[in-house]
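Enquirer: Listed below are the residues making up each chain.
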Amino acid sequence: MVKAIKRVYMGLVFLFLYAPIIVLIVFSFNKSKSRGQWGGFTFDWYIDLFKDRQIREALYFTILIAVISTVISTIVGTIAALGINNMSRLGRTIVLNINNLPVLNPDIVTGVALMTLFISLRIELGFITMLISHIVFSIPYVILAVLPKIRQMNKHTAEAALDLGATPAYAMRKVIIPEIMPGIISGALIAFTLSIDDFVISFFTAGTSVTNLSILIYSMAKRGVKPTINALSTLMFVVVLVLMLIINKKNDKGEDIII
Amino acid sequence: MSKPLIELRNLTKRYNNTTAVDGINLTIKENEFVTLLGPSGCGKTTTLRMIGGFEDPDEGEILFEGKLLNNVPAYKRNVNTVFQRYALFTHMNVYENVAFGLRVKKIPNSEIDRRVKKMLKMVDLEGFENRNVDSLSGGQQQRVAIARALVNEPKVLLLDEPLGALDLKLRKEMQIELLDMQRSLGITFIYVTHDQEEALTMSDTVVVMNKGVIQQVGTPEDIYNEPINRFVAGFIGESNIIEGVMLEDYKVSFDGMVFDCVDKGFAPNEPVDIVIRPEDIRIVVNPEEGMIKGRVTSVVFKGVHYEMIIESDTREYLVQRTKMFPEGSIVGMNVQPADIQVMKRGSTPCNEEEG
Ligand SMILES: Nc1ncnc2c1ncn2[C@@H]1O[C@H](COP(=O)(O)OP(=O)(O)OP(=O)(O)O)[C@@H](O)[C@H]1O
Ligand SMILES: [Mg+2]
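Just so you know, the protein sequences line up as chains A and B, in that order.
So the first sequence is residues 1 to 259, counted in our numbering.
So the second sequence is residues 260 to 614, counted in our numbering.
Simulated from the structure, these hints should not be mistaken for laboratory data.
Model, not experiment: these values are computed from the prediction.
Warning: the hint list may mix true and false statements.
Each computed BS3-like pair below joins lysine-lysine, with the alpha-carbon atoms no more than 27 Å apart [said to hold, decoys possible]:
1) A:K250 - A:K174
2) B:K288 - B:K326
3) B:K376 - B:K365
4) B:K288 - B:K414
5) A:K155 - A:K250
6) A:K174 - B:K365
7) B:K414 - B:K335
8) A:K31 - A:K222
9) A:K155 - B:K364
10) B:K510 - A:K155
11) A:K155 - B:K335
12) B:K262 - B:K288
13) B:K431 - B:K561
14) B:K335 - B:K364
15) B:K377 - B:K414
16) A:K174 - B:K376
17) B:K414 - A:K174
18) B:K335 - A:K174
19) A:K174 - B:K380
20) B:K414 - B:K376
21) B:K523 - B:K510
22) A:K174 - B:K364
23) B:K428 - B:K377
24) A:K174 - B:K377
All chains, full assembly: derive it from the sequences and hints.
Expert: In structure tokens form, the structure reads like this:
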């Protein structure tokens, strides 16, 4: 009896959480333009998406920024994690707390702060500022993903490589990086997901010359919801969902990351 | 016979306010099996790490074949290490772990294959080539670590408590295997342990350390039979350590009696410490026939012998004999002059300010 109530309760919570998304997905396949009624099944809105030049351009920027910011933030974050690991305990605690601050900071504060910074430095808002912003907000997450993997590694592993004749550079390439690779991949996946997912920070740092998908959806929605928005949102949801599943799958295998 | 291979001169290492290694001098010969033995924190690992190149000495020199090694980085030293917790490369299989050192040296694949296979055979891991190192037992990981070091044919192998994580039976087996390998390959072993039995059974030379200072260097027999001071005597095996006075050469007095002994070179009436091993005390039934008279206060059966505590007028003696004397009986005890080991008092080469 109690069990049944628990199940119903859980079901209701999930229904409440996912109802909007389910409605969104269903209506992205709705033939009728009006939102109130079902006019039959169609793929038209998805086809329309790829005919729209504006959307294609936004998709291009979204992916370009996600790829570049992932690569750069993963490299910078990994190097930072290796450095933090070699610090004294006090230094490590201080740096990690500083690192966690932007993670906990509301996006809107980060977005406004970055925008203010760029403007005060007289850097014109555009592709570069948006890219820099994405790199900046991804780095702390990469550090959080890579650091546990470094700490898990036997502290004599690097020494063992040197002992066997490897130069420090060779040991880094052939031993340390491969040993912590699961953490690096997790970090990269998180960075990529966050970049695709982000609206608030992009909105404040993109200026008027570039538009990514989330900004585009926002501006389209302001002009009234078209079914193409449903289709576009559905696609973004699916991409992010798949990425999250991959990240969680990695976690299940015991390659733990904290997020 | 064999040449000096490694020389440590006044080697010192300090951490903040502890002196981990305090001015040690040691010469290690080619093909020697040297064991650093001592209690936890006495500086064994630190000494080994300085030889391996992972720790810079604050003072002193390390010479390898007569050449200064201090400023040679770890990866250029012709020594290999078996780390305490193995430190295997978990992203590589067994074969690649063992092949690592050879790949670094860009040795042709065919030769790598030959040497890795030979090495795996030697450590009894044939057929494990493709196994993930995480899937191996502790003993098997240990063998991979040894193979990974030995495949490079180093002049010197450093081993930091390599058998510490294994159970007793496996430990004994691995001790024999390690000794066999050392003999057949002709490699110098510098071995760290805090297990005195392991040190005595395996080594050519035992180096007993305490608080960063070498107490005694010698063959296992020397160390056991002629400990130089109280610390060594107490650390190596069980023993009776007795305070006494050296009356003159070959005459020592303790427990109110004068005994013949084989030691000389002390000042007249110099206070000394005396070691008598429990198995060197003979018991006679008639108390009048013994040099020391005593009462048996405790008897414990230990398998190979009985361990008895016998109380004389002034102190207790630990005695091990195969024949049992019942508790409460009054007996006599005799000791051969050669079994009385006289040691200089206060000769503990220890940092007094730390005591
Ligand atoms: N990295 C370090 N920083 C500070 N102190 C250290 C460091 N490494 C060792 N020490 C100190 O130096 C002393 C000697 O340590 P060492 O590891 O050489 O001992 P050990 O003989 O190997 O002991 P064990 O048998 O427990 O391994 C100890 O007091 C230890 O606390
Ligand atoms: Mg140690």
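Enquirer: Hint by hint, which ones does this structure get wrong, listed from lowest number up?
Expert: Violated hint (a single one): 10; every other hint is consistent with the structure.
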